[in-house]
Amino acid sequence: MVGEPMCPIRFLEAKVEVKWSVYYLLSAASTAPAVPKLGIFVGVEGAISGLITSVLLTAMTWYFVTAARKGRPMPAIRKLPGLDAITEAVGRATEMGRPVLLANRTAGVGNVHSFALWGYMGYVAGLCARYETELINIAGDYLAAAVNEDVIKQAYLEVGRPEAFKADTVRYIPGDQWAWTSAVAGMLKRDKPATAMWIGYFYAESMTLAEVGAQIGAIQIAATTNTAQLPFFIASCDYTLIGEEEYAGSAYLSKEPMLTGTIVAEDIGKFLVFLVVILGTVAQIMSPKANWMMKALKF
Amino acid sequence: MRRQVPVILTTIAALVVFLGLILFKLDQLQVVSKIDRMRQFMTAVMMFIGMVNLFRVHGAAIRRRERTWVFSVWLLAVMVLYAAFGMAVGNKNQTYRWLYDALVVPINGTMFALVAFYITSASFKAFRAKTGEAALMMVCAVWVMIANVPIGDFLWPSTGWLGGMAGVGSWIVNVPNSAVSRAVGVGIFLGGFATNLRVFLGIERRHLGSV
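Residue numbers (our numbering), protein chains in the order written: chain R, 1 to 299; chain E, 1 to 211.
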């Protein structure tokens, strides 16, 4: 199980980081070691192959986004039961007169999980506003909490019910792992939401949250890329979005062709990786000592 | 304009950071670490604003004698006293550290320990063989669990064929399980990359208040 380091360790890490940056500043000023150079690039292994991969993926994404903008048909994304269940789960909360809870602890503003989360948040908030159901969002990051407020307000506005937004819709609880988990578990027990959604990167708290959610009988939808926590969510939640499905959620829910275009590019990227794996396997079987695929990619 | 400016700024910042990591000249100028220092400074300012906000919100709660006003007093008192004590004696002081270690660490440990009980109840739900796949997962899980305790070696010693119970258990973890984990990992990387691109290219604009 993956547990996040507790505070004293984090504190030590911060000290090490400070020392390192002081060292870096001093060394840069006086005895800076010569940084290896490869043409105009930093001579770090993987810099050029990383650049090529990034440019290739960006070009593919650009192509499909442009195609979508021109109105060319995009392939449909396969059905994801976890995402289709969101409407049903919000509907159930409406029928029961209980709130919908959407939480994430770790994602800050610059985090890719936050951008994925805001896609879900806009959609769920829109549904809640339409069905006149209370939404509770719990954020573990102060900046993300401010953006969450805006996203939810905007969704309410789009539905035509801006007055539905309440001051305590977004609740900020500082993201210290177990303090946050205790607070959220307490809210689950007190507010008894009919639907609980756990979207983003979770650590060991996933088990506590999902089990408390199951105890109060909430429909639970989880989405995480932390493979170590996936079994816990799968065991305790009704629907679990595995890995990349978390990222695909906003495109799937918005049904926006341009967003779908990026998913198509991502799938082609996956096919290319698959091709490299097959080629590498064949090459390794044919000539185990030559290691040519590894050498080809190591630049 | 309100939406275009943030999108343009995001794209420029993303490009600068990306190129700062791979281009020699930008690496020499320490562009990325300078941007990171700006972010750290902004975080420190936000911490201060957060403290001021806490005083405003909880101060108002105390003045109005709200239902939980006692906790507001407690929160502000602990925050101010602990910060003042830390600034007075320094963060290496033993008493200062003891206050934290003796309170927060055991509470954190207690919450973490509860996970063991939750795992038990979750396992009970997960190990119900309703379908073929669930049955297969249950057999694999039970096998790996038994392989990791002494009774596993007693039932099928590791000196035997295929490395015994432990050998087969290790194979389940290292071969099929690892292969699937890595496949999921590739998907996660590409999914994360695509999500970042959507933001950098201004296609994903939910955070700016639009679809």
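There could be a bad hint or two in this list.
[Unchecked claim] No more than 27 Å apart at the CA atoms, straight line, and that leaves these computed lysine-lysine pairs for BS3-like:
(1) R:Lys153 / R:Lys166
(2) E:Lys125 / R:Lys79
(3) R:Lys255 / R:Lys295
(4) E:Lys25 / R:Lys79
(5) R:Lys189 / E:Lys25
(6) R:Lys270 / R:Lys153
(7) R:Lys192 / E:Lys125
(8) R:Lys70 / R:Lys255
(9) R:Lys270 / R:Lys70
(10) R:Lys270 / R:Lys255
(11) R:Lys270 / R:Lys295
(12) R:Lys298 / E:Lys25
(13) R:Lys295 / R:Lys79
Hint data in this document are derived by calculation from the structure and do not stem from the laboratory.
Owing to the predicted nature of the structure, the values given are computational and were not obtained by experimental measurement.
For each hint, the structure was consulted:
1. R:Lys153 / R:Lys166: Judged against 27 Å, a Cα distance of about 9 Å means the pair holds.
2. E:Lys125 / R:Lys79: holds (26 Å)
3. R:Lys255 / R:Lys295: violated (42 Å)
4. E:Lys25 / R:Lys79: Since the Cα atoms of E:Lys25 and R:Lys79 sit roughly 47 Å apart, the hinted pair is violated (cutoff 27 Å).
5. R:Lys189 / E:Lys25: Answer violated: R:Lys189 to E:Lys25 is near 56 Å, above 27 Å.
6. R:Lys270 / R:Lys153: Distance of about 36 Å is beyond 27 Å: violated.
7. R:Lys192 / E:Lys125: holds (21 Å)
8. R:Lys70 / R:Lys255: Given pair R:Lys70, R:Lys255 holds - Cα atoms ~16 Å apart, limit 27 Å.
9. R:Lys270 / R:Lys70: At roughly 25 Å apart (the allowed maximum being 27 Å), R:Lys70 and R:Lys270 satisfy the hint.
10. R:Lys270 / R:Lys255: Status holds; Cα separation ~22 Å.
11. R:Lys270 / R:Lys295: The given pair, whose Cα atoms are some 21 Å apart, holds under the 27 Å limit.
12. R:Lys298 / E:Lys25: holds (22 Å)
13. R:Lys295 / R:Lys79: violated (39 Å)
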